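Peer 1: Read off the chains here:
Number of protein chains: 2
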Amino acid sequence: MRCIRLRLAYDGTDYDGWQSQKSGRSIQDAVEAAVARLVGHKVRVLGSGRTDAGVHAVGQVAAFRTEKGFPPDVIRKAVNARLPDDIVVLSADEVPAEFHPIRDARQKRYRYLLSDAALPNVFLRRYVWRYPRPLDAAAMKRAAEALRGTHDFSAFQSAGSRRATSIRTIHDLCVRRSPLVPHLITIDVSANGFLYNMMRNIVGSLVDVGRGARPVSWISEILNQQDRRCAGATAPPHGLFLISVSYPEDNVAPDWDERLPWSGVAHSEFPLI
Amino acid sequence: MRCIRLRLAYDGTDYDGWQSQKSGRSIQDAVEAAVARLVGHKVRVLGSGRTDAGVHAVGQVAAFRTEKGFPPDVIRKAVNARLPDDIVVLSADEVPAEFHPIRDARQKRYRYLLSDAALPNVFLRRYVWRYPRPLDAAAMKRAAEALRGTHDFSAFQSAGSRRATSIRTIHDLCVRRSPLVPHLITIDVSANGFLYNMMRNIVGSLVDVGRGARPVSWISEILNQQDRRCAGATAPPHGLFLISVSYPEDNVAPDWDERLPWSGVAHSEFPLI
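Sequence order for the protein chains is A and B.
Counting with my numbering, you get residues 11 to 283 for the letters of the first sequence.
Counting with my numbering, you get residues 11 to 283 for the letters of the second sequence.
No lab work stands behind these hints, which were simulated from the structure alone.
Computed from a predicted structure; not experimentally measured.
Where is the CB? At the ideal position from N, CA and C, for every residue including glycine.
It is possible that some hints are incorrect.
[Unchecked claim] Not the full set, but computed from the structure, chain A residues with beta-carbon under 10 Å of chain B:
{"id": "1", "residue": "Val68"}
{"id": "2", "residue": "Val98"}
{"id": "3", "residue": "Leu129"}
{"id": "4", "residue": "Asn131"}
{"id": "5", "residue": "Phe133"}
[Stated by the list, open to error] Cβ-Cβ distance ranges computed for the label pairs, FRET-style:
{"id": "6", "chain 1": "B", "residue 1": "Ala148", "chain 2": "A", "residue 2": "Cys240", "range": "55 to 61 Å"}
{"id": "7", "chain 1": "B", "residue 1": "Ala128", "chain 2": "A", "residue 2": "Asp237", "range": "44 to 50 Å"}
{"id": "8", "chain 1": "A", "residue 1": "Asp24", "chain 2": "B", "residue 2": "Glu77", "range": "40 to 46 Å"}
{"id": "9", "chain 1": "A", "residue 1": "Lys52", "chain 2": "B", "residue 2": "Arg152", "range": "50 to 56 Å"}
{"id": "10", "chain 1": "B", "residue 1": "Arg173", "chain 2": "A", "residue 2": "Asp24", "range": "36 to 42 Å"}
{"id": "11", "chain 1": "A", "residue 1": "Cys184", "chain 2": "B", "residue 2": "Pro81", "range": "41 to 47 Å"}
{"id": "12", "chain 1": "B", "residue 1": "Ala128", "chain 2": "A", "residue 2": "Cys184", "range": "24 to 30 Å"}
{"id": "13", "chain 1": "B", "residue 1": "Pro81", "chain 2": "A", "residue 2": "Pro189", "range": "34 to 40 Å"}
{"id": "14", "chain 1": "B", "residue 1": "Arg54", "chain 2": "A", "residue 2": "Ser227", "range": "53 to 59 Å"}
{"id": "15", "chain 1": "B", "residue 1": "Ala148", "chain 2": "A", "residue 2": "Gln31", "range": "47 to 53 Å"}
{"id": "16", "chain 1": "A", "residue 1": "Lys78", "chain 2": "B", "residue 2": "Pro246", "range": "33 to 39 Å"}
{"id": "17", "chain 1": "A", "residue 1": "Lys78", "chain 2": "B", "residue 2": "Pro94", "range": "44 to 50 Å"}
{"id": "18", "chain 1": "A", "residue 1": "Pro142", "chain 2": "B", "residue 2": "Arg75", "range": "27 to 33 Å"}
{"id": "19", "chain 1": "B", "residue 1": "Val84", "chain 2": "A", "residue 2": "Cys184", "range": "38 to 44 Å"}
Given the sequences, and given the hints that come with them, work out the whole structure.
Peer 2: Have a look at this one:
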């Protein structure tokens, strides 16, 4: 049995999230339908993890098994021809049969896009959370430093998750205001795993600091309290992007910048990727 | 009777164009409904010109009349609160009662966004026409130079228009590949008026040059032939943006860059605005 790995980008606006739903309106349902039409049999496309309703991806990873002999790039093109235009397969490759997209993932990277523009931008409304008052991005950046490293992130975990442990390691973290688009603030977090809603709960808490409702030291305090009720509200899903998922055999950074409309900004301000 | 002028941005994807329709799914219908709910009477909101279904705007101008005494900025905020999130009033001001948004317009500026990226970008699919093979942007730029100045643009006018004359003056024109996002080509045209589908017919013809199907001299030839059948196909609507409409009393360039998701690109590569 061959195992085919897909790297996917999607606009999550019109979907009920990654995970297969009775509604049939999930990204997974759409990808499984497109792959099934190509290979001619029912197929399970397992993702590296769920993304919630409204959350986007520029580098989700998923895998499926088939006996069919199509070369990976033929699969990429043929599946794309069968997908709606808000989902695209960026690349496909054949991986060892024992590959497992959840178990084998070593690192995930998320980006959250936030704006404090005075006026809404109709072209960004599906992709950026606009907070209608000025935010102190420098204070948010200082507050976020407390999250770097290995911690129990219970305070940033929403109810309903079933992870064995709430300890995670944040390898990299970056909060900055774009030099090109002054109202745009990007929050990038790279970790060995994310608890349920962890990224959105971090962003909601950082915004409490940015709007001046909480001091810079507050993020460190709620981290130590390990109580979800102490942290800020969950930021809305539409500003969140799953950027990439890394596996042990990966030796190059994924080429994701091209997938974002503000890739010029990404190139200039996010050289880590 | 007061005359209130609005400057509007909209994502045209989900509308049947600017002009009021029986379907009720036009931008004008949506704006008129929002204004009527504020002022408490039926109202006609006259635009500076039609934009077709799927065409966007970052600086459409429209005007309506009312006896109500709301200050312009109160009107802006109150109408925005009543509009769907894909239409926004950027500014409102009171103008002389005789102001007419069509008759008084002196210059319009359109931008077309084109990409020859190998892979689709799901986040740009509503705003950029992707041509799936490489385009020679330098050849398109040389070809477009023939359009500058005063000409009879009959060859670029689609059937169904009812303009008295097909002579127009293109004041400014710019075709360039973005230095930040290499697959993105912008085509900017500023003129004293545009015939029906003129901008999209120009783009369709330039793409014929860019893909190598026609020589650089071809644009000049079809301009001289004054026959719509000689020119290229009409480019799709979703890459087109009405950028601004200028009036005699305007003495500052409109601040439109902020309304585009790729405003960083616009700032760096389109200093004319």
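Peer 1: So, for every hint listed, does it hold in this structure?
Peer 2: Quick rundown of the hints versus the structure:
{"no.": "1", "hint": "Val68", "result": "8 Å, holds"}
{"no.": "2", "hint": "Val98", "result": "5 Å, holds"}
{"no.": "3", "hint": "Leu129", "result": "6 Å, holds"}
{"no.": "4", "hint": "Asn131", "result": "6 Å, holds"}
{"no.": "5", "hint": "Phe133", "result": "5 Å, holds"}
{"no.": "6", "hint": "B:Ala148 <-> A:Cys240: 55 to 61 Å", "result": "59 Å, holds"}
{"no.": "7", "hint": "B:Ala128 <-> A:Asp237: 44 to 50 Å", "result": "49 Å, holds"}
{"no.": "8", "hint": "A:Asp24 <-> B:Glu77: 40 to 46 Å", "result": "42 Å, holds"}
{"no.": "9", "hint": "A:Lys52 <-> B:Arg152: 50 to 56 Å", "result": "54 Å, holds"}
{"no.": "10", "hint": "B:Arg173 <-> A:Asp24: 36 to 42 Å", "result": "39 Å, holds"}
{"no.": "11", "hint": "A:Cys184 <-> B:Pro81: 41 to 47 Å", "result": "42 Å, holds"}
{"no.": "12", "hint": "B:Ala128 <-> A:Cys184: 24 to 30 Å", "result": "29 Å, holds"}
{"no.": "13", "hint": "B:Pro81 <-> A:Pro189: 34 to 40 Å", "result": "35 Å, holds"}
{"no.": "14", "hint": "B:Arg54 <-> A:Ser227: 53 to 59 Å", "result": "57 Å, holds"}
{"no.": "15", "hint": "B:Ala148 <-> A:Gln31: 47 to 53 Å", "result": "48 Å, holds"}
{"no.": "16", "hint": "A:Lys78 <-> B:Pro246: 33 to 39 Å", "result": "35 Å, holds"}
{"no.": "17", "hint": "A:Lys78 <-> B:Pro94: 44 to 50 Å", "result": "45 Å, holds"}
{"no.": "18", "hint": "A:Pro142 <-> B:Arg75: 27 to 33 Å", "result": "30 Å, holds"}
{"no.": "19", "hint": "B:Val84 <-> A:Cys184: 38 to 44 Å", "result": "40 Å, holds"}
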